[in-house]
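**Q** Assemble the whole structure, with the sequences as input and the hints as a guide.
Protein chains: 2
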Amino acid sequence: MSLPHVLLGLLWSSPSTGYDLARSLEEDVAPLWRAEMSQIYPALARLRRAGFVLLRVLGPRRGPRRNLYRITATGRREVKRWLAEPAAPPSSKDEGLTKIAFLEALPLPERRALLARYERTIAEEIRRLRETAPPHGFLREARRGAIDRMEATRRWVRGLAGESPAVAAPPAAAAPPKKR
Amino acid sequence: MSLPHVLLGLLWSSPSTGYDLARSLEEDVAPLWRAEMSQIYPALARLRRAGFVLLRVLGPRRGPRRNLYRITATGRREVKRWLAEPAAPPSSKDEGLTKIAFLEALPLPERRALLARYERTIAEEIRRLRETAPPHGFLREARRGAIDRMEATRRWVRGLAGESPAVAAPPAAAAPPKKR
DNA sequence: TCACCCTATATCTGAATTGATATAGTTTTC
DNA sequence: GAAAACTATATCAATTCAGATATAGGGTGA
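Residue numbers (the numbering used here), protein chains in the order written: chain A, 1134 to 1313; chain B, 1134 to 1313.
Please note: incorrect hints may appear among the correct ones.
Restricting the straight-line Cα-Cα distance to at most 27 Å, the calculated cross-link-like pairs of lysine-lysine (DSS-like) are [said to hold, decoys possible]:
id: 1; chain 1: A; residue 1: Lys1226; chain 2: B; residue 2: Lys1226
id: 2; chain 1: B; residue 1: Lys1213; chain 2: A; residue 2: Lys1213
id: 3; chain 1: A; residue 1: Lys1226; chain 2: B; residue 2: Lys1213
Computed, partial: chain A to chain B, Cβ under 8 Å [as the list claims (entries may be wrong)]:
id: 4; residue: Ser1225
id: 5; residue: Glu1237
id: 6; residue: Leu1241
id: 7; residue: Thr1286
Everything labelled a hint here was simulated from the structure, so no lab data went into it.
Built from N, CA and C at the ideal position, the CB exists for glycine as well.
**A** This is the structure in structure tokens:
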């Protein structure tokens, strides 16, 4: 629904090619929004049909020809309109937390192992994000927000692993009918 | 990729119908994973073909006939296998934070308005989650984790809105060519 | 010089997901 | 007693998304 808007947002300050958009998306917008080339090119085509961007074909400098996209006045209006409409609350679709929700299916030692491993996974992702060159302006702020949120999750996972009772003995109500 | 696994996880402790799974998904797994009926029925069919669940058709008690799904031993093994494989780090695809990343496109007062509104949206979602009956066992824990994360995000948004400089004047590097 | 990597474009498949619609009986409400 | 809401199933179209593949020129290193 809003990949086109993200692309418009990236084009706000300077025109660029689809390839550069893909790189910028992965490096700067990083964990907040991801998309493959196979999504980006069709999205740019649609933006063009909608009149939100203009295409200029450049002679090849290195490799094949380059398609440079530039945001139009209509495109800028569209970005503002998008920003102005209310955002959906974070849905937090999260594989790791979801697995924790079904931890009941595992015996004790594996429960602990899962929590420990997931905490490591998050910690590693945070480190990776910190290592890559931070973007500028609000892009940097937003990335900090994402990292902040991951850190909260990491602390929470660690906390759950620490309260041994919860990991050791889930509340009776949901205990599986373990064949004794 | 893992809706089938979530369904298996819900079937772990007791068999139920597609309808009940949909309700349980929305009420208990709530913000961690969502799915529409139109996803659930095909997923159940695939689980059945894979031998992870068994179907028993019940005579209608209220309304039409009911299809009761029960997890098989193979299904339980599959859940354990799924839980054992490493989970991807939270990608935090988040419309609200993404919009903040492009706040540069808005004039000052609207920036503040956007942040304030997003904070309200999150607060409301948290309240809504707290009001609905909490699930049992690890489902409850996981929900707490999700709420915890939302609260962290809310605090962060509030913090950003509070540091007026950031909202008032983004770092020069990315400052828009404000016609002064 | 040959192989490999990087820039750069683009398409295709298939799965995941959303949203709308259809059907039909039962229970609740006015 | 009619309308509305709930239980329950299911399909369809459209879109999003991920992963693989194709093409092609230029630069880099063994």
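**Q** Does each hint hold? Answer for all of them.
**A** So, going through the hints one by one against the coordinates:
Between the alpha carbons of A:Lys1226 and B:Lys1226 the distance comes to roughly 8 Å, so the proposed pair stays at or under 27 Å and holds. Taking the CA atoms of B:Lys1213 and A:Lys1213, the gap is near 47 Å; set against the 27 Å cutoff, the hint is violated. Simply put, A:Lys1226 and B:Lys1213 have alpha-carbon atoms about 20 Å apart, close enough for the 27 Å limit, and the pair holds. For A:Ser1225, the suggested interface contact is upheld, since its CB lies about 5 Å from the closest CB of chain B, less than 8 Å.
Here the hint on A:Glu1237 is kept, as its CB sits about 5 Å from the closest CB of chain B, short of 8 Å. The interface hint given for A:Leu1241 is violated, since its Cβ lies 13 Å from the closest Cβ of chain B, which is over the 8 Å cut-off. Against a cut-off of 8 Å between C-beta atoms, the interface hint on A:Thr1286 holds, since the closest Cβ of chain B lies about 5 Å away.
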